[in-house]
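These protein sequence lines are chains A and B, in that order.
Numbering of the first sequence is given in the working numbering, commencing with residue 440 and proceeding in unit increments.
Numbering of the second sequence is given in the working numbering, commencing with residue 312 and proceeding in unit increments.
Fair warning: there could be bad hints in the mix.
Here chain B is said to cover these stretches of chain A; the calculated rule only asks that three of the stretch's residues, wherever they fall, bring their Cβ under 8 Å from a Cβ of chain B [to be verified]:
| hint | segment |
| --- | --- |
| 1 | 474–484 |
| 2 | 509–520 |
Computed list of lysine to any residue pairs in SDA-like fashion (alpha-carbon distance at most 25 Å, straight line) [stated by the list, open to error]:
| hint | chain 1 | residue 1 | chain 2 | residue 2 |
| --- | --- | --- | --- | --- |
| 3 | A | Lys535 | B | Lys326 |
| 4 | B | Lys322 | A | Lys493 |
| 5 | A | Lys535 | B | Ser316 |
| 6 | B | Lys368 | A | Thr540 |
| 7 | A | Lys493 | B | Ser316 |
| 8 | B | Lys322 | A | Leu510 |
| 9 | A | Lys535 | B | Gly351 |
| 10 | B | Lys368 | A | Ile441 |
| 11 | A | Lys535 | B | Lys328 |
These aren't lab readings, by the way, just hints derived from the structure by calculation.
Predicted, not measured: the structure shown is a model, and the values here were computed from it.
Cβ atoms here follow ideal geometry from the backbone N, Cα and C, with glycine treated the same way.
Letter by letter, the chains look like this.
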Amino acid sequence: GIQVEQSPPDLILQEGANSTLRCNFSDSVNNLQWFHQNPWGQLINLFYIPSGTKQNGRLSATTVATERYSLLYISSSQTTDSGVYFCAAPNFGNEKLTFGTGTRLTIIP
Amino acid sequence: GAGVSQSPSNKVTEKGKDVELRCDPISGHTALYWYRQSLGQGLEFLIYFQGNSAPDKSGLPSDRFSAERTGGSVSTLTIQRTQQEDSAVYLCASSVPNSGANVLTFGAGSRLTVL
């Protein structure tokens, strides 16, 4: 099945800083999603982005499907951005999403 | 409902007992997924339903685990003869896979502790 790897595993930043999180996947995908898991465990879908670039406020994501990676950008970080960020991709032709191991982001006031 | 609802939110049980975890997906969502998340770890796929059928049960860790879905809605995940290694948060998600964007919406999870 597809392999999904994320980097860095941990990131600690001062409030106001910008960050880039990376997701590499081993096979062609038609569905790439980014999620944020807050400190209380709730998973929220941030982006559905099989290709191209999308922006939502201070967050944006870019997927380069031909090179099998996706990037999540967070600008002007706030303490509420803390948590774990996961990317997920399906096995080709299969609706099952395989999740990466996540990037734990800690924003310090 | 407005979101994916899971119950119980917290369950503490003794080793060897059976447990049932329930998921009520968003109305109209035909696909339903169960994942497991151990402490500090990523999400492990368990099973996926399209309607009432389960095209992919490949993630169920042993024959002590089973799941069913009835009426294309509520799903129950059953763990028989629980073991301590079953302790985890069990997450349910639902989606509309034929919408062109199979975006998953997750519930808050059921935290299972096996003593």
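Do the hints match the structure? See the list:
1. 474–484: This one holds; 6 residues, not fewer than the three required, reach chain B with a Cβ under 8 Å.
2. 509–520: violated (count 0)
3. A:Lys535 / B:Lys326: Distance of about 30 Å is beyond 25 Å: violated.
4. B:Lys322 / A:Lys493: violated, 39 Å
5. A:Lys535 / B:Ser316: holds, 20 Å
6. B:Lys368 / A:Thr540: Roughly 21 Å separates the two Cα atoms, so the pair holds.
7. A:Lys493 / B:Ser316: The hint is violated at about 29 Å.
8. B:Lys322 / A:Leu510: violated, 37 Å
9. A:Lys535 / B:Gly351: Since the Cα atoms of lysine 535 of chain A and glycine 351 of chain B sit roughly 22 Å apart, the hinted pair holds (cutoff 25 Å).
10. B:Lys368 / A:Ile441: Measuring from Cα to Cα gives roughly 17 Å; hence the hint holds.
11. A:Lys535 / B:Lys328: It is violated: about 30 Å lies between the C-alpha atoms, which goes past 25 Å.
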